[in-house]
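Let chain A serve as the given structure and place chain B on it in line with the hints.
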Amino acid sequence: DVKVTQSSRYLVKRTGEKVFLECVQDMDHENMFWYRQDPGLGLRLIYFSYDVKMKEKGDIPEGYSVSREKKERFSLILESASTNQTSMYLCASSYPGGLPEAFFGQGTRLTVV
Amino acid sequence: AQTVTQSQPEMSVQEAETVTLSCTYDTSESDYYLFWYKQPPSRQMILVIRQEAYKQQNATENRFSVNFQKAAKSFSLKISDSQLGDAAMYFCACTSGTYKYIFGTGTRLKVLA
Chain A
137 DVKVTQSSRY LVKRTGEKVF LECVQDMDHE NMFWYRQDPG LGLRLIYFSY DVKMKEKGDI
197 PEGYSVSREK KERFSLILES ASTNQTSMYL CASSYPGGLP EAFFGQGTRL TVV
Chain B
304 AQTVTQSQPE MSVQEAETVT LSCTYDTSES DYYLFWYKQP PSRQMILVIR QEAYKQQNAT
364 ENRFSVNFQK AAKSFSLKIS DSQLGDAAMY FCACTSGTYK YIFGTGTRLK VLA
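Protein sequences appear in the order of chains A and B. Residue numbers for the first sequence follow the numbering used here, beginning at 137 and rising by one. Residue numbers for the second sequence follow the numbering used here, beginning at 304 and rising by one.
For the record, the hints were derived by calculation from the structure and aren't laboratory data. Ideal Cβ positions, reconstructed from N, Cα and C, are used throughout, including at glycine.
Within a straight-line C-alpha distance of at most 30 Å, the following computed DSS-like cross-link-like pairs (lysine-lysine) qualify:
(1) K139(A) x K206(A)
(2) K193(A) x K403(B)
(3) K403(B) x K191(A)
(4) K358(B) x K381(B)
(5) K207(A) x K403(B)
(6) K154(A) x K193(A)
(7) K139(A) x K413(B)
With the Cβ distance kept under 8 Å, some of the chain A side facing chain B (calculated, not the full set):
(8) G178
(9) L179
(10) F184
(11) L226
(12) P236
(13) E237
(14) A238
(15) F240
Bound-form chain A, shown alone:
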């Protein structure tokens, strides 16, 4: 089974802190994604990566950056956390060939105080 693991289920950070959310997948997937989930807004794409060191902005990239130095790991970085970044963050991965099913991590609930 594909496993996508996010480093934390819950995080509490202070305003202005630099925050790292880590995601690791074990199926050699080329594609990796970071989504933000908010009630009534569904899942919104922050960034995605289709290869090592490759990244593209999603729909809401402002205030975020990403890093993909190894194929299995995709990090989301909040450069200076703000209270409006309090949310659920979901990481996903997929293989571009065949049926493009996305596999998800268990989510990180981030609270910025």
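Just chain B now, with coordinates in the frame of chain A:
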């Protein structure tokens, strides 16, 4: 640009009854895939069912089936013989198979004993 719309924020169903969750989408791609994902309280997103747009036959997975109306751009999910374990958020999603998955805002399904 792709869009996915779920117009039912919340639905309820009696245990053992049938419920249908609605989803409409819009895409300019000729080749695309549609999905229903389930997110239980544990937050782990799980694939329920998928449909390739080029297939006319509606997908079925045990108690879950879809009604795919390509011309109307409609993709509804029918859950038969509803069980308490079906209670969750359900998200409809669309991808053209390249990189981006677009999700709807979700429908919360309550199953009444």
